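Undergrad: Model the full assembly from the supplied sequences, consistent with the hints where possible.
Just so you know, our numbering puts 80 at position 10 of the sequence shown, and the rest follows in order with no gaps.
Be careful, since some hints might not be right.
Each computed DSS-like pair below joins lysine-lysine, with the alpha-carbon atoms no more than 27 Å apart [unchecked claim]: (1) Lys87 with Lys208; (2) Lys164 with Lys126; (3) Lys126 with Lys114; (4) Lys87 with Lys101; (5) Lys75 with Lys94; (6) Lys79 with Lys94; (7) Lys95 with Lys79; (8) Lys80 with Lys94; (9) Lys164 with Lys114; (10) Lys126 with Lys163; (11) Lys79 with Lys101; (12) Lys114 with Lys75; (13) Lys164 with Lys80.
Estimated spans, in silico, between C-beta atoms of each pair [to be verified]: (14) Lys101 with Lys163: 31 to 39 Å; (15) Lys164 with Gly202: 50 to 58 Å; (16) Gln165 with Ser121: 31 to 39 Å; (17) Lys208 with Lys126: 15 to 23 Å; (18) Ser118 with Ile162: 20 to 28 Å; (19) Ser121 with Phe97: 17 to 25 Å; (20) Lys163 with Thr139: 18 to 26 Å; (21) His151 with Lys95: 28 to 36 Å.
These are computed hints drawn from the structure, not numbers from a lab.
The structure presented is a predicted model; accordingly, all values stated were derived computationally and were not measured.
We put the CB at the ideal spot given by N, CA and C, even for glycine.
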Amino acid sequence: MLIPKENRKKIYQFLFKEGVLVAKKDFEAPKHQDIDVPNLQVIKALQSLNSRGYVKTSFSWQYYYYYLTNEGIEYLREYLHLPAEIVPETFIKKQSTARPQRDGGDRQDRRPQREGGEYRRRDNWGSEKKEGATGDYKPEFRGGLGRGRRPE
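TA: What follows is the structure, encoded as C-alpha coordinates:
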(Lines of atoms letter the chains of each structure in order from A and count residues from 1; the text may use other names and numbers.)
(Lines give C-alpha, C1' and ligand atoms only; values in the text may rest on other atoms or scores of the structure.)
Protein backbone atom coordinates (compact mmCIF):
# COMPACT_ATOMS: atom_id res chain seq x y z
CA MET A 1 0.00 0.00 0.00
CA LEU A 2 1.28 3.44 -0.84
CA ILE A 3 1.50 5.56 2.31
CA PRO A 4 2.43 9.25 2.07
CA LYS A 5 5.88 9.96 3.48
CA GLU A 6 4.59 12.42 6.08
CA ASN A 7 2.11 9.84 7.43
CA ARG A 8 4.78 7.13 7.52
CA LYS A 9 7.06 9.51 9.40
CA LYS A 10 4.30 10.29 11.97
CA ILE A 11 3.73 6.57 12.51
CA TYR A 12 7.42 5.82 12.91
CA GLN A 13 7.95 8.79 15.26
CA PHE A 14 5.10 7.70 17.51
CA LEU A 15 6.30 4.09 17.49
CA PHE A 16 9.87 5.09 18.33
CA LYS A 17 8.77 7.51 21.07
CA GLU A 18 6.49 4.99 22.82
CA GLY A 19 8.17 1.69 21.89
CA VAL A 20 4.74 0.08 21.49
CA LEU A 21 1.65 0.82 19.43
CA VAL A 22 -1.95 -0.38 19.64
CA ALA A 23 -4.29 -0.33 16.65
CA LYS A 24 -7.94 -1.39 16.56
CA LYS A 25 -8.83 -3.81 13.80
CA ASP A 26 -11.05 -1.32 12.01
CA PHE A 27 -9.91 -0.78 8.44
CA GLU A 28 -12.56 1.88 7.75
CA ALA A 29 -11.65 4.08 10.73
CA PRO A 30 -10.91 7.58 9.43
CA LYS A 31 -8.19 8.18 12.03
CA HIS A 32 -6.03 6.18 14.43
CA GLN A 33 -6.84 6.80 18.11
CA ASP A 34 -3.36 8.22 18.91
CA ILE A 35 -1.99 9.47 15.57
CA ASP A 36 -3.62 11.79 13.05
CA VAL A 37 -3.29 9.17 10.28
CA PRO A 38 -5.90 6.75 8.82
CA ASN A 39 -6.00 3.53 10.83
CA LEU A 40 -5.51 1.37 7.73
CA GLN A 41 -2.21 3.10 6.96
CA VAL A 42 -1.01 2.51 10.54
CA ILE A 43 -1.84 -1.20 10.36
CA LYS A 44 -0.23 -1.64 6.93
CA ALA A 45 2.92 0.29 7.84
CA LEU A 46 3.39 -1.85 10.93
CA GLN A 47 2.58 -4.99 8.98
CA SER A 48 5.49 -4.07 6.72
CA LEU A 49 7.78 -3.54 9.73
CA ASN A 50 6.63 -6.89 11.12
CA SER A 51 7.54 -8.74 7.92
CA ARG A 52 11.05 -7.28 8.14
CA GLY A 53 11.39 -8.27 11.82
CA TYR A 54 11.41 -4.74 13.23
CA VAL A 55 8.28 -5.21 15.36
CA LYS A 56 6.56 -8.17 17.01
CA THR A 57 2.81 -8.42 16.66
CA SER A 58 0.13 -9.77 18.98
CA PHE A 59 -3.58 -9.80 18.30
CA SER A 60 -6.23 -9.98 20.98
CA TRP A 61 -9.84 -8.85 21.26
CA GLN A 62 -9.85 -7.07 17.89
CA TYR A 63 -6.70 -5.04 18.67
CA TYR A 64 -3.23 -5.32 17.16
CA TYR A 65 -0.37 -4.85 19.62
CA TYR A 66 3.02 -3.97 18.12
CA TYR A 67 6.27 -4.13 20.11
CA LEU A 68 9.48 -2.63 18.80
CA THR A 69 12.49 -5.00 18.61
CA ASN A 70 16.16 -4.04 18.95
CA GLU A 71 16.59 -4.24 15.17
CA GLY A 72 13.54 -2.01 14.81
CA ILE A 73 15.05 0.58 17.13
CA GLU A 74 18.20 0.68 15.02
CA TYR A 75 16.19 0.94 11.79
CA LEU A 76 13.93 3.74 13.07
CA ARG A 77 16.89 5.60 14.56
CA GLU A 78 18.53 5.54 11.13
CA TYR A 79 15.27 6.39 9.27
CA LEU A 80 14.41 9.31 11.58
CA HIS A 81 18.05 10.49 11.89
CA LEU A 82 18.09 10.29 15.69
CA PRO A 83 21.18 10.12 17.94
CA ALA A 84 22.01 6.95 19.88
CA GLU A 85 21.15 8.59 23.24
CA ILE A 86 17.43 8.76 22.43
CA VAL A 87 15.58 5.56 23.31
CA PRO A 88 11.87 4.59 23.42
CA GLU A 89 9.96 5.18 26.66
CA THR A 90 9.62 1.44 27.23
CA PHE A 91 13.40 1.23 27.65
CA ILE A 92 13.55 4.02 30.25
CA LYS A 93 13.37 2.74 33.82
CA LYS A 94 10.91 4.60 36.02
CA GLN A 95 12.16 5.65 39.41
CA SER A 96 10.17 3.78 41.99
CA THR A 97 8.64 5.96 44.63
CA ALA A 98 9.00 4.71 48.16
CA ARG A 99 5.76 3.86 49.88
CA PRO A 100 4.95 6.14 52.80
CA GLN A 101 5.29 4.50 56.19
CA ARG A 102 2.15 3.87 58.16
CA ASP A 103 1.72 5.36 61.59
CA GLY A 104 0.46 2.04 62.88
CA GLY A 105 3.78 1.29 64.54
CA ASP A 106 5.71 -1.95 64.38
CA ARG A 107 4.21 -5.07 62.84
CA GLN A 108 4.40 -6.89 66.20
CA ASP A 109 2.06 -4.33 67.74
CA ARG A 110 -0.74 -5.16 65.28
CA ARG A 111 -0.87 -8.90 65.99
CA PRO A 112 -3.70 -10.07 68.21
CA GLN A 113 -2.42 -11.22 71.58
CA ARG A 114 -3.57 -14.51 73.11
CA GLU A 115 -3.41 -15.86 76.59
CA GLY A 116 0.14 -16.42 77.70
CA GLY A 117 1.50 -13.77 75.33
CA GLU A 118 2.25 -16.18 72.49
CA TYR A 119 0.83 -15.74 69.04
CA ARG A 120 -0.91 -18.88 67.78
CA ARG A 121 1.16 -21.16 69.96
CA ARG A 122 -0.23 -24.34 71.50
CA ASP A 123 0.94 -24.90 75.05
CA ASN A 124 0.00 -28.56 75.23
CA TRP A 125 0.99 -29.76 71.77
CA GLY A 126 1.10 -33.50 72.37
CA SER A 127 -1.86 -33.84 74.71
CA GLU A 128 -4.54 -32.69 72.26
CA LYS A 129 -6.96 -35.18 70.77
CA LYS A 130 -5.89 -36.31 67.31
CA GLU A 131 -8.38 -35.94 64.50
CA GLY A 132 -8.81 -38.24 61.55
CA ALA A 133 -9.06 -41.97 60.96
CA THR A 134 -7.98 -44.52 63.55
CA GLY A 135 -4.99 -46.77 63.00
CA ASP A 136 -7.06 -49.85 62.11
CA TYR A 137 -8.98 -48.09 59.29
CA LYS A 138 -8.22 -49.66 55.92
CA PRO A 139 -10.08 -48.13 52.97
CA GLU A 140 -11.32 -50.57 50.37
CA PHE A 141 -11.64 -49.53 46.75
CA ARG A 142 -13.81 -51.66 44.56
CA GLY A 143 -13.51 -50.70 40.90
CA GLY A 144 -16.75 -49.60 39.49
CA LEU A 145 -17.75 -46.09 38.61
CA GLY A 146 -16.27 -43.43 36.41
CA ARG A 147 -12.94 -43.49 34.71
CA GLY A 148 -11.47 -46.03 37.10
CA ARG A 149 -13.87 -48.75 36.03
CA ARG A 150 -12.31 -52.03 35.02
CA PRO A 151 -12.89 -53.14 31.44
CA GLU A 152 -15.50 -55.89 31.17
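Undergrad: So, against the hints stated earlier in the document, which numbers end up violated here?
TA: Of the numbered hints, 1, 9 and 17 do not hold.
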